[in-house]
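A.B. asks: First to last, the protein sequences are chains A and B.
For the first sequence, the working numbering gives the first residue as 1, with consecutive numbering after it.
For the second sequence, the working numbering gives the first residue as 1001, with consecutive numbering after it.
For the record, the hints were derived by calculation from the structure and aren't laboratory data.
Hints may contain errors.
[Claimed, not checked] Computed list of chain A residues with no C-beta within reach of chain B, every gap over 12 Å:
1) 9
2) 11
3) 57
4) 66
5) 84
6) 112
7) 132
8) 148
9) 159
10) 160
11) 165
12) 200
13) 213
14) 230
[Claimed, not checked] The list that follows gives simulated cross-link-like pairs (lysine to aspartate or glutamate, DMTMM-like), each with its CA atoms no further than 25 Å apart:
15) A:91 x B:1082
16) A:81 x B:1243
17) B:1124 x B:1153
18) A:224 x B:1020
19) B:1090 x B:1021
20) B:1012 x B:1243
21) A:157 x B:1099
22) B:1061 x B:1111
23) B:1005 x A:228
24) B:1087 x B:1066
25) A:157 x A:113
26) B:1090 x A:235
27) A:91 x B:1064
28) B:1218 x B:1243
29) B:1012 x A:228
30) B:1218 x B:1272
31) B:1087 x A:78
32) A:81 x B:1070
These figures come from a predicted structure and were not determined experimentally.
Heads up, the beta-carbon is just placed ideally off N, CA and C, and yes, glycines get one too.
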Amino acid sequence: MISHEQRLVITNVFRRLGWALAFATAWIVGLQLVGYLIELLINHRLDSFLVSLQGIPGTLIFVFNLVLGFYFLISAYEDFKWTIQNGISRKTLWWGRLTALLLASCGIWIIDELLSLFDHPITSWQLMGMHLLILLTSVLTLQMIGNGFGLLNRTWKWIVGIGLPILFILLLMLLIRAMVGLNIGYQYNAWVGPNSILLTILSSSATWWIVWVIYIIIVVSLSKIFNDRMQLRRD
Amino acid sequence: MEQLKISHVTKKFGRHLILDDVSFTLEPAKIYGLLGRNGAGKSTLLNIISNRIFPTSGSVKLGDQEVNTDQTLGKIFLIGEDNLYYKQVKINQMFDLADAAYGNFDYKNAERMLKRFSLDGTHKFANLSTGQKTAAKVTLALNVNADYIFLDEPVLGLDANHREVFYQELIKSYQARPRTIVLSTHLIDEIQQLVEHVILIDNHRVLEDADVEELLSKAHEISGPAKLVDQYTEGLNILSTEDLGNIRTAHVFDQLPEDRVIPDQVQIGHIDLQHLFIYLTNGGVDKND
């Protein structure tokens, strides 16, 4: 059951996200159109212009996904401020924003899939579902990062903003090196050798679903912890 | 309406102590003055009460519930120095948000108040001057449907005319709907007639938590020949003394002993709230030192 306050948070997220989408779309598609028109004026090739127009749905998909992710990356502290000013608790802010995130992601996903029909025929349900999961995972991750940044002042934002990606890249490199070091392949001897258990685990799709679920649990939990610790900053 | 209890609140920013074991209770339907010198921690305390920042230790409870739920926060409204709204927000949108969150916002009265402050609801808040921002904020605060209204620096930047408008509207609002209003301001002489109770913070702690009447009944200015003044004030709580030639003026914060005879050459007068605040927060240092 959605409370009155949660509905207020959801409505506000949608209103601001709607404006951001409209604004970004108008600018990016507008600029793209101007480019195509200039090209038309120079080349006088209407067929080329009409073909170019077919690229707009692809641009829209890109813009919508970008704005959705960016919104949840930068809006955590702003949303906290207006809600706490209006007597809305952190718990309500959390549920309101999460509900809005899920609804907005589903909405954008449906629009993405419809727009992609301009480019290619309808894809499999499996692939479409995978698109939704990728979108949700990305936006939830960005929301977690945004909530974490909401706790930091300007100085720490710079430190963490530069330090964390470097740390992430280093960890990724170490992981890749470790994987390469294992030297596992799909040859017969790998399935019977010392790495056989690891290979069996990695080759199972269930493993990746479990990893995904664990990742989502970690991301959502961290996001909630950051949200619950948010307070008014002095910077 | 329930009491708002602030219990043993301590706040540190890093190693810097802002509030030290602050405790007091706010009663329903009363006008309070929250006084303290610059940097005393008044704004920090108000931010803690409204759950905007967390205390290092201690608690804030409305009745027996912690102030961190929609139910409790929905009864508290703080308007402070910071603008917590979106940058592009218009005054009317601030009213709409308050109406959506707290319900029953008094639009009619707010519109009337805006006219008195020469403001238009369609104006963007960010484009207003300091005084106009304050006027918009107090208009919002006095028309919001909350049981506890906290006003941090409610006359910041307001000219004398608009300060008068604010004081009139505050009384009108309180009469129309009695609720607890806490004023945190440095213009003590202007609010003396408005506030019923004072909480004075000094050196990170609550120095006084008493009704204005009770406080002022203990505040005396005793002047006369130095020797006689010293004799009369012996054993009393003297906040400060001033000497002009042989004439001494002692500022006493104590009940005067009824059995002590007042010498003919000694005069006893009262101190107003502003001067009492100055003497109390000067740490009892003599002006002549």
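A.B. asks: Which hints, by number, does the structure contradict?
C.D. replies: Structure breaks hints 1, 2, 5, 14, 16, 18, 19, 20, 21, 22, 24 and 25.
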